[in-house]
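Got chain H; can you put chain P on it based on the hints?
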Amino acid sequence: MSWRNGDSAPLSRRKFLGVSLVAAGGLLLGFTVGGRTWAQEAPATPPVPVPPPKPNAFVKIAPGGRITLVIPYVEMGQGVYTSQVQLLAEELEVDPATVAFEAAPPDDALYANPLIGEQVTGGSTALRAQWISVRQAGAAAREMLIEAAARRWKVPAAGLKAENGRIIETASGRSIGYGEVAREASGLPVPKSPALKAPEKFRFVGKPTKRVDTPAKINGSAIFGIDVRPPGVRYALVAACPVFNGKLASVDDREAMKIKGVRQVVKIEDAVAVVADHTWAARKGLAALKIKWNEGANARLTTADLVAGADAAMDRDGLVFMHEGDVNKAESGAAGRFRADFRQPILAHAAMEPLSCTVHVKPDSCEVWLGSQVLARAHRAAAEAAGLPPNKVVMHNYYLGGGFGRRLEIDYVPQAVKIAKQVEGPVKVTWSREEDMQHDYYRYLNHSRVTVGLDSAGRPVSWRHRVVGPNIMERFLPILNKDGIDLDVVECAHGPYDIPNVLIEFTRNEPPKGLGAGNWRGVGPTRNVYVVESVIEELAYRAGQDPVAYRLAMMARQPRPRAALELAAAKAGWGKSLPKRSGRGAAVFSGFGSHLGFVAEVNVEPSGHVRVDRVVCAVDTGFVVNPDVVRAQMEGGIIFGISAALYGKITVANGRIREGNFDTYPVLRMHEAPRIEVHIVPSSEEPGGAGEPGTCGAIAAVANAVSAATGKRLLSLPVDFAQLKEV
Amino acid sequence: MSYSISVNGEVREFDVDGDTPLLWVLRDVLGLTGTKYGCGIAFCGACTVHVNGAAKRSCVMPVSSIGTAEVRTIEALHETPEGKALQQAWRELDVVQCGYCQPGQLMSAAGLLAENPRPSDKDIDAVMDGNICRCGTYVRIRAGIARASGLISSAGKKAKSGAST
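As they're listed, the protein sequences go chains H and P.
For the first sequence, our numbering gives the first residue as 8, with consecutive numbering after it.
For the second sequence, our numbering gives the first residue as 57, with consecutive numbering after it.
It is worth saying that the hints were derived from the structure and are not from the lab.
These numbers come from a predicted model, not from an experiment.
A couple of the hints might just be wrong.
Claimed, not checked - Calculated cross-link-like contacts (lysine to any residue; reagent style SDA-like; alpha-carbon spacing at most 25 Å):
1. Lys267/H - Ser62/P
2. Lys178/P - Leu585/H
3. Lys140/P - Ile230/H
4. Lys265/H - Arg198/P
5. Lys140/P - Val219/H
6. Lys217/H - Lys140/P
7. Lys267/H - Val85/P
8. Lys140/P - Asn226/H
9. Lys217/H - Glu131/P
10. Lys578/H - Asp177/P
11. Lys297/H - Ile97/P
12. Lys214/H - Arg198/P
13. Lys140/P - Lys265/H
14. Lys214/H - Glu148/P
15. Lys217/H - Glu148/P
16. Lys217/H - Gly206/P
17. Lys217/H - Lys178/P
18. Lys267/H - Asn172/P
Bound-form chain H, shown alone (with noise of 0.2 Å):
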């Protein structure tokens, strides 16, 4: 799984195609978004250039047959190297068993992602992204397999079939391998429009098919970007400034340099680094150091002063996103009238894999080896802090051990390469897990304020939604902040009801320079949906009404959200009677693509603690194209949810973040896990995302399965047990 960027001139994609069919020596097929501008190029003719070629993703087929799918999206546990295997193998008429992959080099103008623009695997985007894209790239390969065999034989091509890897005369029935035409095919013309199969004679998409990673993470062989150990490597530790936005003012590492094993403490504008023989000797190097930062403006910093600045942003006109209807004519000749204000805490992503970047700068290059969601984005980075063309930056991905919004930032890589200057040799930069907790681009506080109208039913008329929070597309993905508001926060604001007046703002409340807000599992409607779903149930119970039959009674006008949630609720029992101190909680939504039902069953001991027993979810995420991936990512999804719900919180004292570690910022763990049962709704839609909604919807119902045993409403999370206590 690496590459190299281009040694000479600037990677174009013509080189890029030539290099590797001289590798390859086949067919090596490149494609672009929506199929609409084709490319392949033969050894033996001239390239055609073909504007604007900005292919997503690559087929090569070698002379000996074998396939390799080269895979723009980056693996952290979501599947999406399986799932592309089977989409491509399906068109190709070959068994994805048989088939290679290789993971894409860092290439906007290559391998960007079409929904978003660039080269980014996050948002639950990888599969919407490519389900045309990489069946078109399939089906073409397949095409010119036929259409080679067909002028071989010199007979036409209607007459021949492709069949697990091999050309047939239907009527003869004689064969040849997709290797042995591989060469000719590569020198015909690119079908405009390849016929995709019909998802009915689909042999292994839409059925589970054996995740392709599974063999190499159970034996130890993956290679995390952690794992990573270049001949002649140093290890070493940072410690970045504590408090946010502070520099470093001093080091004595005169103990530090004594430690055995210690070969270098290296200092930058806001951390410093230990260099040694292994990580541990860095680490009692690091600890050894006599360290003096300026801490800068935010040494006094509290989470109190935060929570008081996002409060005071709910009393804040915000950004009008949409307005439906007349919500202030509404809300005056409403019959009642419900307020609520809720507050989410700061979230630390907690991967795994704590962060990593190993860097060798050489006089005039630069290899860089690590795990990244946004490759192209690190690469760029990388060639800015070695001072060098990107074309002398050489970068490798790895497997990642969680994402989850995390990888999506790049600060760890400028710092690797600024700290790797100053080092001879490849130097591998580790975070220790309380430097990765205390330096996240955290899910910032969001607060929001609801208002409803209500008619004498207790029925809303009117839906007004405040959303508090910080911005974070202006900066992360400018085309997703649209005249200041970012379109990613306020999304799933408002639930799939048919609510007459609706009005939406955002009111804009960032951290202090310094404190990263990032994405996290589920970015905007992980944030919404909890207190959408909130206040629905707390509105049911106040009009004396079953909380599900409550919101169904709404959503005459959207079926597929509807259907998933009466399907989680049949298969769930709903209605059904609990013993005292548990109970069930619903939450339905759009979205990511896909539409969510799910139902959660809690018991709140007499500690207050509350445990989840059991969350049952109903999915309507399009076609599936592999459902034992799609249920995976709603467990996981779904787990994920559950540890924000329930202990999810980093709190800041002195400007620093007071949470190091899982004995401070406690996860969820074996005992705790519910049962979890995911029912997928069969459809023939275009597939939607099923990495993130999982998240969303488990907090939700879980927030409410609490409120329905102890008829307390959640107004904030996570959960306080000590408010639960049996009385």
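Relative to the frame of chain H, chain P by itself:
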């Protein structure tokens, strides 16, 4: 100081301070990177290895404490009957997601099955609680352990019936 320990059946010699945790010896000195660093304080289980067959957190185990004990890492898990069964179960059920915690999960589970071939859910909780998975594969880990337990007992029965005929 110089140490010599047995890892996966091979004697390995190296020179580090005695307080160096086994984890860093395995990963950085011996190049066995299948054993993972997750927390450094024995709170997450990613670093679990076997020392004389028992699951231990290598991140807090000084290398000086190993002595003549046999260390086994994920790279040699398949050499044990429990390991083999667990890896088969993990493949059948596709337990992994990001996979980073899975070496530790498998080593803990193998330690459990070696001691208790037919663990109850409570037994599984008691041992596997020490291993965090942020991807949330717990449901499948539990099922995987149950499946591996079944594989081991049916293999045992087969061996027995084979011996009697």
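Now for the hints, and whether the structure bears them out:
Restraint check for Lys267/H and Ser62/P: satisfied, since their Cα atoms lie roughly 23 Å apart, inside the 25 Å limit. Between Lys178/P and Leu585/H, the direct Cα distance comes to roughly 23 Å. Compliance with the 25 Å bound is thereby established for this hinted pair. Straight-line distance between C-alpha atoms of Lys140/P and Ile230/H comes to about 21 Å, which keeps the hinted pair within the 25 Å bound. The suggested pairing of Lys265/H with Arg198/P is violated, with an alpha-carbon distance near 47 Å, which exceeds 25 Å.
The suggested pairing of Lys140/P with Val219/H holds, with an alpha-carbon distance near 19 Å, which does not exceed 25 Å. Among the hinted pairs, Lys217/H with Lys140/P is consistent with the structure: their alpha-carbon atoms are about 18 Å apart, no more than 25 Å. For the hint pairing Lys267/H with Val85/P, the CA-to-CA distance comes to about 14 Å; that is within 25 Å, so the pair holds. With a C-alpha separation of about 10 Å, the suggested pair Lys140/P and Asn226/H falls inside the 25 Å cut-off, and the hint holds.
Restraint check for Lys217/H and Glu131/P: satisfied, since their Cα atoms lie roughly 22 Å apart, inside the 25 Å limit. The suggested pairing of Lys578/H with Asp177/P holds, with an alpha-carbon distance near 24 Å, which does not exceed 25 Å. Pair hint Lys297/H plus Ile97/P holds up; C-alpha atoms about 23 Å apart against a cutoff of 25 Å. Among the hinted pairs, Lys214/H with Arg198/P is consistent with the structure: their alpha-carbon atoms are about 24 Å apart, no more than 25 Å.
The straight-line distance between the Cα atoms of Lys140/P and Lys265/H is roughly 45 Å, outside the 25 Å bound, and the hint therefore fails. Among the hinted pairs, Lys214/H with Glu148/P is consistent with the structure: their alpha-carbon atoms are about 15 Å apart, no more than 25 Å. Between the alpha carbons of Lys217/H and Glu148/P the distance comes to roughly 8 Å, so the proposed pair stays at or under 25 Å and holds. With a C-alpha separation of about 21 Å, the suggested pairing of Lys217/H with Gly206/P holds against the 25 Å cut-off.
Taking the CA atoms of Lys217/H and Lys178/P, the gap is near 29 Å; set against the 25 Å cutoff, the hint is violated. Simply put, Lys267/H and Asn172/P have alpha-carbon atoms about 42 Å apart, too far for the 25 Å limit, and the pair is violated.
Checked against the numbered hints above, the structure violates hints 4, 13, 17, 18; every other hint is satisfied.
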